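*Asks:* Fit chain B to the known structure of chain A by using the hints.
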Amino acid sequence: MTRQLCTGFDRPSPGRRDLLSRFGYGLGAAALGSMLNKADAKASSTGTPKTATAKRVIFLFQSGAPSQMDLFDHKPLLNKLHGEELPASVRMGQRLTGMSANQSSLPMVGSPFKFERRGDSGTWVSELLPHTAAVADDLCVINSVHTEAINHGPGVTMMQTGSQFPGRPSMGSWLWYGLGSENENLPAFVVMVSTARGGQPLVSRLWGSGFLPGRYDGVRLRPAEDAVLYLNNPAGVGRDDRRLSLDRMQELNRLRLDETADPTLETHIAQYEMAFRMQSSVPEVTDISDEPASVLNLYGEDVHTPGTFAANCLRARRLAQRGVRFIQLYQPGWDHHSDLPSSIRHAARKTDEATAGLITDLKNQGMLDDTLVVWGGEFGRTSYSQGKIEGGNFGRDHHPRCFTMWMAGGGVKGGHTHGLTDDFSYNVVDGGVHVHDMHATILHLLGIDHERLTFKYQGRHFRLTDVHGHVVEDLLA
Amino acid sequence: MSFSRDVRPILSDRCFHCHGPDATNQDSDFRLDTRDHAVADLGGYFGVVPGDVLASELHARIHADDWSQMPPADSNRVLSQAEKDILDRWIEEGAGYEDHWAFEALPKSISVPEAGRLWARNPVDRFVYRKIADAGVGPNREMSRSKWLRRVTFDLTGLPPTLDELDDFNADQSVGAFERAVDRLLSTDACAERLTSEWLDVARYSDSYGYQRDDERFVWPYRDWVIDAFRRNMPYDRFVTWQIAGDLLPDAGEEQKLATAFNRLHSHKKEGGVAVEEFRVEYMADRVHTFGTAFMGITLECTRCHDHKYDPVTMRDYYSLGAFFQNIDERGLISYFTDATPTPSMPLPSAAQKTRLADAADDVAAAERAYSNSVESAGSAFRDWHATEGTGRAPQIVPSTPVAALDFETFGPVTTDEAFEEKHKYDGSRIPKPADSMRSFANPYGQRALTTPANTLVDGPSGKAVRLSGDDAVVLPGVGHYGRHDRFTISLWLRAEEVADRSVIYRRSRGWDDAGSIGYELTLEEGRLSAKMVHFWPGDALCVETVGTLEPDRWTHVTVTYEGSSTAAGFKIYRDGRPAETAVVRDNLTRTITDWRLGYEDLAIGARFRDRGFKNGAVDEFRVFDRALTAGEVAAVFAESDGSALSAVDEQDLFEHFLATLYEPSITAADALTDARRRYNEIYDEVPAIAVMRETEEPKPAYILARGAYDQPTTEVTADTPEFLPAFPADAPRNRLGLARWLTDPDHPLFARVTVNRYWQMLFGRGLVPTSEDFGYQSTPPTHPDLLDWLARDFVDHGYDVKRLLRGMVLSATYRQSADVGTVARDRDPENILLARGSGSRLSAEMIRDSALAVSGLLVGRVGGPPVKPYDLKHGYTPLNVDEGEKLYRRSLYTFWKRTSPAPVMVTMNAVKREVCRVRRETTQSPLQALVLLNGPQFVESGRVYAADLVDRFGPDIDAIAFEVFRRFTSREPSAAELQILTRLVEEQALRFRDDPSSARAILTVGNAAEADIRDRAMTAAVAVLVSSVMNLHESLRTQ
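Protein sequence lines, in the order shown, are assigned to chains A and B. Just so we're aligned: the first sequence equals residues 1 to 477 in this note's numbering. Just so we're aligned: the second sequence equals residues 1 to 1040 in this note's numbering.
So that you can see chain B by itself, here it is in the shape it has in the complex:
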């Protein structure tokens, strides 16, 4: 008796729920998950007394039929008599425990059995034969060469063999024919596409964001990276390391960073009003779950809320693992009102864009040099000015003229022409408001400002000031429309009533999280002034904050200047005319701050869409300047406003003022620099961005979340791997790169086993561990444990070479077996546990569609590129516009994948929806599949195009036509009986189509493909029905 095989599955499934590792959430102190716990003294009695059944409470309880019965009657868990016997015997034999095989280090070597010398073609077969022989049976016969080529061609490329390939292979009787065929297949692009297809389920790849809105996103370059990696046969450990931590590799380039999109392929939320932190935590959780399922075969989901009920995984393990995956500058909500890629992101410029960007960057550098030169050459002119101005009195700084100035002295009226909501309708038109519900403030330099009477007038530093409701903005139409290349200044007096978490002072922005905070803004956050310029907060933004806090109930004069460099250094904050001490919070602005939809065009004070306004705060003397005022000028503005004397002006202040306002060469050079920056930014804004991983400098604090709730942090944790698995290497960095190194250790208990098992499953229809997503206590034990270990060790020792692994599997005698057996053999082993016959798996969704296209000749073989929308996407739950031309005939892995409305043909054929990581598709058959395959235009069109070709080649020779069609779809020749049925089918259909020529015309024009020049329409239509019928045969839809 084996503890792992016989006992633990019972304990785990029937007992651990209440007597397992999740100690804190169990009513009972008695635990059965370790021997120490099981044999512990429970106060004079013992759960398990090794060797003494009668003294063991466990024995008494499982046999009880009163209240003390275990498992209890209301648990819905029952032990069969056989299971009780096993537990009794286990106690009798000493109640030994073993560690779970899958959590033990991968053995250094596994000896290959001697069995099956005559049958075996490689070591795989030795293991398989031993099990077959132990069961007292023998392996099945080989399948035909044709069927083998069919199976291996589908398995490795996802496509059927061509008739030429079948003929060539059958003709090649020389040694090594099988090996050459496999090598040919492994070297094709189609093979890379097939392996990518399989990987996209693991990566939960989709071309849309998921959740409610589910808008399109730009991620297909990641998919093309995967294709390329498989084409180059990148070692699997490297393939995975790049995806987990490519950005952290030394000298990480575009390719390594692109691979990290893997961890951003989860769903992203775009829904107004959600708790942003809730979804940030959700993304972290998805990365943890994916890491667990894809690379370790352990189900971590449970441990988000409590210690695992079955496996030795704790909540601490879960959140410690999560700590690796959350150190990126992301937000839990993506932007509704802009098209910003959620951050962190990286640009993916085309070659042409790269050149243009380099040129534009050169122009910016040149403009910067020109400006520096102008400054250096200004000395004598400055001295001249100084001398002239200096006659009799000190040189003066004359405050510049603003472009807007609000003094808030009285409310004015509002005309109907002015009275509109800030938001626009979906069609972009404006929404009028009653003019008498609004008020205005005078602005001597432009359009007057608009507000509502909810804002009131109070005494300010000079005359009246505006006191803000927090929900009602003061909007300044027509000014402040600045881009990130522009230079500008805003100054104002402000007074907060109390220290609030957050108050919006002014903004030009579409909104807060619903718009990724796009625009620029000044907020008060717990008393600190925070100036921001944002494309998407927080990963693509500038933010500078004052170190000191403002006192409530005190008027402060604040000025913010910005000089157009898209850097935090370009922001300066002044308090009461003097530079404030500031800290840089974010310094990574790369993209537009002005591109958004549906209104909120203008600069405004005191409130923002779905943000916290400056409730009960007051503002006065609001000024906007069209350039970055110098320190001296800011002091002058303050002095003028305050009525105080301008403090001493030094030479530097005067020089800066001179450069900015009086010295023509520097003024011109500064304008030219702004212009160069604008041009650079415009080119950059056109470059698409893809969401990737980019580690923040400091790790974010990580906590265990009580019951998994985002707002219930408890104990702080640091990045670490689960305690029950090997220790994190001491010399590895505590980041994702270190994690990847830990995972890909040659002795890692799970990584290689899980991987070879998945590839075995891909080829044999079922993994050696059938629960390929779960290698834990609740998993189904491996059917061939030694073979699994041998494959894993061999895989590791040979450099994680995926194609070598596949080659070994498909060249085995095990793989060559026919799937056809008699009823006796089938009933003896219905699930083919022994592998004493071949597996005849059903074709995947992609294979079914791709083979229809391949057979008809419609398939377009181009590799990679943007996703395409074939016919069925118009029938999705959210109908999409169907593409035209060759895009209708690309391989199915390029079909646009919309998470909430996935391609209906694919989903009907058992494709997974790719909302979360899945390592297994389940194959079911349903009548809906029959309808799709018989009636779907993609398939009918393939049939009629192939039919036209057949009739063109064979004329009225129905036998020849039927023979080829059958062979093309099944890779074998029809028997005489079959051929007779096939020809009868054509004859019957031809009769009907001759009676009704319009029907023939109808079926021959299904789909967008051009109608061939057809001599005999009725015959061609009948052959189209033949093709469709053969395509729908059971045999045509299976690999054997």
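For reference, chain A alone in the conformation it holds in the complex:
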């Protein structure tokens, strides 16, 4: 019975309080409790649980894979060698995608965008991200992230779940499972996908709970009126009407509870009350009419259009304020196989101001210290052109060997740049950070030892970081 809390499908012993906290969006920290309890005496002798520097995460996922050498990873040599063949000594036979593997020529292409050192820290940021550049001193830029995946499906799946293949829980689900919820009226893992659906398809499994219980699925807030599936009462039923009929329902449920003492009935009663509360707590998040103009202005004009990245950034801050543990945004449109110069400009314009606005807003509200903001895509892009360089126009293919992500707040160093790539932004030279290491570090910031957050499924204790991952100490403040 000691294994109960951490053992996959095993049923918990359905004590009353336990059920209420585990099945609902109740307060509670199921797995964390078990991580500590299970290890009991031994755990305290080998090191007490880590202190969390972040209480929550906002992950601004840039789907499609932003080009690192056009945004953060400054590579002037590429401009000098523009048009020349990528040296075989750089590529070292690494695999390419089926989109450019058969090209007869792989010409290098320098970034057409100007780079400057920004802030007191002198962080390199390109002209594409003027707003982000203005908060450069808050950013911990990691130029040496790498992964194995070379295509979007496996790449995004890896970034979200620690495995290239479907079936594992998303990071937000792990955190919900591990840390429980801080707000009993909202799910602890909320997802928002920008409505601009172009680009690579994103699929709901990316925020799924995998083999964790289904209640840890990320809950997607839609831009529509029903921010949560069927949140609103049917036409003709007002909130008071619902309260009244709910009261009768609960009377009936309670009569039955007296007869059966069935603990699932208690849960049922609690869930219906929770649902009723969510009918007001969710709209409270999505209704931004109480935000002053000074705040709205931080996010740019798009903040007024539901479903845009900017609107979702503001919602993210509102959710963070209400104790939502993991807020995952997806912004598509970074997959620039061709026409990169104009497309990336567009993608940057769609996101830059709101991204910086979020950082500033969190800071102004005193929340940046314990809110970890993560920015990045599923991999990087090649320093050679996919297809031909035609005048000023070119494209870049997928590149897993190195790419840039950044983090801010939540206990990471601000104004810090980590990791070094070669002059071609092709290989990591120093301080490589694998996706597993990113995960380990994020968990660490939340006070979780990534090797201890486990779930037993099919007889094995699974982790977000699989059997890999190291906390990157250099990123920690």
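I should point out that these hints are in silico values taken from the structure, not numbers from a laboratory. Because the structure is a prediction, the values reported are computed rather than measured. Even glycine gets a Cβ: it sits at the ideal position worked out from N, Cα and C. Treat the hints with care, as some may be off.
To be verified - Derived lysine-lysine pairs resembling DSBU-like cross-links, with alpha carbons at most 35 Å apart:
no., chain 1, residue 1, chain 2, residue 2
1, B, K464, A, K114
2, A, K456, B, K131
3, A, K413, A, K363
To be verified - Cβ-to-Cβ under 7 Å is the rule here; a few derived chain B residues that face chain A:
no., residue
4, Y211
5, G272
6, H306
7, R610
8, D611
9, E922
10, Q925
11, G936
12, F963
13, L991
14, R992
15, R994
16, V1025
17, L1033
*Replies:* Chain B in isolation, oriented as in the chain A frame:
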């Protein structure tokens, strides 16, 4: 103390990770997974000395509190004091090992205990009672007849009992009433649908391909096959054998082959640029995992990358099993630009299509006979021609006029009207290019060819030739648009600079793997000429390759002819005017080679979309002919081009030339044959295809893949079953059919146990082995091991009769127990391990929705057919267009299942996503479920339709209405107290709706169902709220 029950779970969970069967990936040589290893001499000391705790290093280590402590502090594995005591005691008692129960052969017989004679209704109860009695308690009371009928009706049909069924059953006090009710339920279509619903999770059934694109696919005939199999109560061993190996059965028919779609229901990749082999391996892996989970209850996933950490399964076992499942003509990527079904596939013609196909096939046969006749009748005409032509000189073969000819002498200009990209935009429109970025080549017979200056001119066999960049094609607009029924010839000079893996010489095709290679093409593969005609490579294609290789840096004249038969024999390759020796690589072309999207319309030379071009290769004198040239004609074309003398022409050459160009009857008959083939092909192309298994003639080589990586093959393996399980039968074929025979052996340790356990789980909410997906060392041990074995043996001995198995379970006294117990009993056994009470499981997603439809009368009972899209699909992550009419009211197993955006109502209610095989759903309750059930239009509509019916029947009699609604949803009569609350609810709501008539109208028009003729809207709306409220009661959502 039992090793299996008490000791091995500890060793497995805390020690095997580093001291278990995965010897190669462990730091320590010490192993605890077998006794031989555990007691081995470790160099003067011993891990385990049987009977001597103090001499055992294991004892010292688990009690140590310094560096030597085991498990080590950083392992996150801890032994409790109780566990340490168990290990010590085990050593003291001799450190005995036992084989794992689930890997031991199923016993031939299991004796039924004597226990519980007065209570038991069948042998199941004897086993259950013994355990209950051993625990010093007794079974719970029986539930009411109504509740029993409710539970068994939901369990066997997925629907609630009707009020009539409840009344009839309650009225039937005669002997055998329960048995008759069960037999009635088992014989319904609804029962077959319910069992199918359960199976679709196991089969990871979905109506879309999965992964990124996740487009719709045609697989529902498989689902209907499953329904039919359950309806006929097909023996389970046969049910499984057909799905694993139906295609390999002697005289396999359409039905047996259709069943094998089971192994193709995994996700298929449709994403540009993926490593194709990576996903082919992934499909093989999915089949292995599914086989392991569904039929054997073992988790093979781990052994893809290393030997199992806990169970005695090795990587060799994994890939040996995989070798059974990969011998099909498949590709790791499905086509983005065409709608081709991934191969192998089989056509599923409708009855009408079958007739039309048979007629068209007769026409083709008749046309072939007519052509043969014309050839036979040509003798005298040929002799006449021969005689006339022969006067004075030998009869001549005059090369035919081509429809296109490129000599590549000079570059010409390109006009704006010509200058376009080969690819089209998504709307089909063309993308202009700067005309001055392009060049042209003259073609005296039609439109000029278009290219770019990246291709250059070099010296060729006659004048100039074109030298190709490998990325830039030479496109010939308007010619070469041939179907598989057409006859045509292409000839050219070519010179390769070096021997490459692969170079595209010419193609008319949308692309390589991204388009399933659709079209026709000539490639050079390691020096061999390869002519292909493809619907979907490799399973639906023709391919002929030269045996000899071309030398690099030498000009060779190549001609490829094709005569329209859709067979490899229809392809001929000539080198320098003479037939080349060729080998047939693929000979199974059944479908269109011309249907694709977004451009690349024309025949082109030297490059293809995302393929390897003819880099630095050169081409000259490119010719296209609108018919299959004869051997003599090919020789003549070569001679003319080469400037050499035409080698001796024999009688046969002349005769063929005569038939093809001069003899009217054979010319007409050949055209008629082409026409008949075209008509046949057109009908066939309309027939839908479903992906199935079809064994290749030779097994593909199989390897252990280092760390599971697709590109790291190591040791070669052959098809075999895991070593720790019974041996593969010596006389069985080493293919999937042999595998099915091995699996369904009456003594197989796992197959029957896993199956009866799954069905027990379906009825009792939890398996006798609670981890129904894992029977290995890490599994939760069976609560009733003897009962499990008895059920399994009984199942096997009675012909794997699923309905007989279910009948026995639901007619047991165990099943009849009430779920309601006092707190004391509940706390004593919170998980109901003893089965000393009934289980009151929550209804499945399908049951909840189907019962709402059934109660309202909206349910459409039709069985089978294409999937449907009810209301909630428009709220999926990828919104889909909702269907209309009766399609909104079909049972939930027919709901369109899109893997990446599954029906949101179903998923909210705990349905699994069906990406991989799952044998268990987990039941959780969440507030999101409450929102769906209270506010979702499917449920609100059901409520208001039922309300209109109630008010119509009962008028203002609220008591009668409340009584019926409650009974309909809970299968019992409300108490007086309950009835009072229910009527109060109606009165309160009616007051509100009377105040606001527009609200009443609003709720009474939710959904697409027509609004009934309603007398009292406010009352009806209030009753609609009543129905919704009762539907949402805890009791309404459970089987008891």
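*Asks:* If a hint holds in the structure, say so; if it does not, say that too.
*Replies:* Structure-based check of each hint:
1. B:K464 - A:K114: violated (47 Å)
2. A:K456 - B:K131: holds (28 Å)
3. A:K413 - A:K363: The given pair, whose Cα atoms are some 15 Å apart, holds under the 35 Å limit.
4. Y211: holds (5 Å)
5. G272: holds (6 Å)
6. H306: violated (10 Å)
7. R610: Since the shortest Cβ distance to chain A is 6 Å, the answer is holds.
8. D611: holds (6 Å)
9. E922: At about 6 Å, which falls below the 7 Å cut-off, the nearest Cβ of chain A leaves the hint on E922 (chain B) intact, so it holds.
10. Q925: With Cβ-Cβ at 5 Å, under 7 Å, it holds.
11. G936: holds (5 Å)
12. F963: violated (14 Å)
13. L991: Violated - the Cβ of L991 (chain B) stays beyond 7 Å from chain A, reaching only about 10 Å at its closest.
14. R992: With a minimum Cβ separation of about 6 Å from chain A (threshold 7 Å), the hint on R992 (chain B) holds.
15. R994: Violated. Min distance 12 Å.
16. V1025: Holds - the Cβ of V1025 (chain B) comes within 7 Å of chain A, reaching about 5 Å at its closest.
17. L1033: holds (6 Å)
Hints 1, 6, 12, 13, 15, counting from the list given before, are not met by this structure.
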